[in-house]
Amino acid sequence: MSTGLLPEPDQPGRVVDAELHLLDRQVLDVDGEPVCTVDDLELGAVGDDPDIDRPLAGDTTVVVTALLSGPVLGGVVGGRPDSSRRHRIAWRYVTDIGTAVHLGAHGEQFSATWVERWLRERVFSRIPGGRHDPEADE
Amino acid sequence: MRGPLAVALGILTAIGGFLDAGDLVTNAVVGSRFGLTLAWVVVMGVIGICVFAHMSGKVAAVSGRATFEIIRERLGPRAAGANLVASLAVTVLTLTAEIGGMALALQLASSVERRLWMPVAALAVWLVLWRVRFQVMENVTGLLGLTLIGFAVALYLLGPDWGELARQTLQPAVPPSEGAAVYWYFAIALLGAAMTPYEVFFFSSGGVEERWTVKDLATSRLNVFVGFPFGGVLSIAIAGCAAVVLLPLGIEVDAMSQIVLPVAQAGGPLLLAVVIVGLVSATTGAALETALSAGYTLSQYLGWSWGKFRRPAEAARFHVAMIVALVVAVGVLMTGVDPIAVTEYSVVFSAVALPLTYLPILVVANDPEYMGEHVNGRVLNAVGTLYLVILVVASAAAVPLMIVTEAGA
Numbered sequence: 001m002s003t004g005l006l007p008e009p010d011q012p013g014r015v016v017d018a019e020l021h022l023l024d025r026q027v028l029d030v031d032g033e034p035v036c037t038v039d040d041l042e043l044g045a046v047g048d049d050p051d052i053d054r055p056l057a058g059d060t061t062v063v064v065t066a067l068l069s070g071p072v073l074g075g076v077v078g079g080r081p082d083s084s085r086r087h088r089i090a091w092r093y094v095t096d097i098g099t100a101v102h103l104g105a106h107g108e109q110f111s112a113t114w115v116e117r118w119l120r121e122r123v124f125s126r127i128p129g130g131r132h133d134p135e136a137d138e
Numbered sequence: 139m140r141g142p143l144a145v146a147l148g149i150l151t152a153i154g155g156f157l158d159a160g161d162l163v164t165n166a167v168v169g170s171r172f173g174l175t176l177a178w179v180v181v182m183g184v185i186g187i188c189v190f191a192h193m194s195g196k197v198a199a200v201s202g203r204a205t206f207e208i209i210r211e212r213l214g215p216r217a218a219g220a221n222l223v224a225s226l227a228v229t230v231l232t233l234t235a236e237i238g239g240m241a242l243a244l245q246l247a248s249s250v251e252r253r254l255w256m257p258v259a260a261l262a263v264w265l266v267l268w269r270v271r272f273q274v275m276e277n278v279t280g281l282l283g284l285t286l287i288g289f290a291v292a293l294y295l296l297g298p299d300w301g302e303l304a305r306q307t308l309q310p311a312v313p314p315s316e317g318a319a320v321y322w323y324f325a326i327a328l329l330g331a332a333m334t335p336y337e338v339f340f341f342s343s344g345g346v347e348e349r350w351t352v353k354d355l356a357t358s359r360l361n362v363f364v365g366f367p368f369g370g371v372l373s374i375a376i377a378g379c380a381a382v383v384l385l386p387l388g389i390e391v392d393a394m395s396q397i398v399l400p401v402a403q404a405g406g407p408l409l410l411a412v413v414i415v416g417l418v419s420a421t422t423g424a425a426l427e428t429a430l431s432a433g434y435t436l437s438q439y440l441g442w443s444w445g446k447f448r449r450p451a452e453a454a455r456f457h458v459a460m461i462v463a464l465v466v467a468v469g470v471l472m473t474g475v476d477p478i479a480v481t482e483y484s485v486v487f488s489a490v491a492l493p494l495t496y497l498p499i500l501v502v503a504n505d506p507e508y509m510g511e512h513v514n515g516r517v518l519n520a521v522g523t524l525y526l527v528i529l530v531v532a533s534a535a536a537v538p539l540m541i542v543t544e545a546g547a
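Those protein sequence lines, which keep their order, are chains L and W. Each residue of the first sequence is one higher than the last, beginning at 1 in my numbering. Each residue of the second sequence is one higher than the last, beginning at 139 in my numbering.
These are calculated hints, taken from the structure and not from any lab test. There's no promise every hint is true.
[What the hints assert, rightly or not] Simulated DEER-style distance windows between Cβ atoms:
| hint | chain 1 | residue 1 | chain 2 | residue 2 | range |
| --- | --- | --- | --- | --- | --- |
| 1 | L | Arg92 | W | Gly510 | 26 to 34 Å |
| 2 | W | Thr473 | L | Val115 | 30 to 38 Å |
| 3 | W | Ala547 | L | Ile97 | 50 to 58 Å |
| 4 | W | Ala479 | L | Val15 | 50 to 58 Å |
| 5 | L | Arg92 | W | Gly214 | 21 to 29 Å |
| 6 | L | Gly98 | W | Leu261 | 36 to 44 Å |
| 7 | W | Gly510 | L | Gly47 | 33 to 41 Å |
[Claimed, not checked] A short list of chain L residues far from chain W (calculated; beta carbon distances all over 10 Å):
| hint | residue |
| --- | --- |
| 8 | Gly13 |
| 9 | Ala18 |
| 10 | Leu41 |
| 11 | Gly58 |
| 12 | Leu68 |
| 13 | Asp96 |
[Unchecked claim] If the Cβ cut is set under 10 Å, some of the chain L residues that face chain W in the computed set are:
| hint | residue |
| --- | --- |
| 14 | Ala112 |
| 15 | Pro134 |
| 16 | Ala136 |
Quick reminder that beta carbons are idealized off the backbone N, C-alpha and C, glycines included.
All chains, full assembly: derive it from the sequences and hints.
Okay, structure coming up:
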């Protein structure tokens, strides 16, 4: 029997659980190449400039302003990991959240991939075969 | 490649690739001391690895995510980090055992001292990881590994008392010469050898390497459920050879030459040569898979780009991780430790680490957000849960039994 209640109205957009859907997910760039894992999230007040760090009031509505990548286990010994050691990926680059977080830009432009790029350019490209495509027919 | 030929190739590769140094050594040791009274553990281990390899392959094919990405996502950075440390330690220990096994097999073929072979073997492994295409690597080592069928041929040629072997298999009992604690210690070692954690990392990441999709699930299921049981038959044949030849003479296996002694006795130099080819390719294949698994787990936990399908320069940190793992393995072996002893410890510590890998896979295979309509059915879940209970018990009992029995002495 119908209870006469109206169905719950559709929410605009999609509800995402930060812990379940964002934290510890793999981040892929526009070509599907891995960039990093979401180690933490940066939050800021709605409409605020994310580059200005100021305390938030208790009733402020916050949004995710950036994905952070960096030392994940810094807090084991005690204290919070230093935020300056973390790499930011601004939220505006995020295009989709599925079994991975997808970005609409190339991984090379983010500081999170600098070790990979350094090794690639300074070391691995110089070893014979480092640029060889294993899938190419020989 | 599609069609029946591809299916046959996949199954043959799965058979040939099933055995590694852990299986070879543990089965021979067990056969020489317990006959076939522990063959039931191999059967149990094979069913377990089929179920979980199928599950991890399915997760990789449907979600495109490999095992350790999922472990990190489900357990968070700390618990997954602890899991990573344990899994990496066991994987590198297994890699050490495989490189040691390669060196022993090459020593058997050449009479050149094993410590001269170790760096050569590691270099060969690195060159394959650096250069050779994933599918070629898998097919070549898998097909050459098929020559281990020589153990089954040897068992047949030895003309054993089949009734007695069947009785030992079907009505297992602790032999009077051995204690119950030692029996159960080796039962856990055999389970660890059959279900080694790297196999799950490798299978799921390999699914991503080979770009499996839902369409490939049927092929993958066939490879696993037909190929692995035949691999298990070869395991039992190795134990059977040792049971027929070594057990009555009271020879306990502590060298590679003793593992192949029954083959030499039954089939002469020709069959021995064939089996040595199998030993080299089985250990080489497993060394490649464990080195890759070390790279896979670390890269997936930290979100690095990984995979043999990429140019090495485009998965730079992944290749660094594999090189470090190989250097560590050779470093450990060059201290002069006995590779057979390393192998015996590696399978027991594999058993200890098993629940760490198998629990997250079982959880995610039930998560509709990842799996959609392909979530586990009831039967698969029932079997998976049963195995998880067994694995937790085996994992908890492994170290106490190791201490009580002085590692099976």
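So, going through the hints one by one against the coordinates:
no., hint, result
1, Arg92(L) to Gly510(W): 26 to 34 Å, "holds (29 Å)"
2, Thr473(W) to Val115(L): 30 to 38 Å, "holds (31 Å)"
3, Ala547(W) to Ile97(L): 50 to 58 Å, "holds (55 Å)"
4, Ala479(W) to Val15(L): 50 to 58 Å, "holds (55 Å)"
5, Arg92(L) to Gly214(W): 21 to 29 Å, "holds (27 Å)"
6, Gly98(L) to Leu261(W): 36 to 44 Å, "holds (41 Å)"
7, Gly510(W) to Gly47(L): 33 to 41 Å, "holds (37 Å)"
8, Gly13, "holds (17 Å)"
9, Ala18, "holds (13 Å)"
10, Leu41, "holds (13 Å)"
11, Gly58, "holds (27 Å)"
12, Leu68, "holds (12 Å)"
13, Asp96, "holds (13 Å)"
14, Ala112, "holds (8 Å)"
15, Pro134, "holds (5 Å)"
16, Ala136, "holds (9 Å)"
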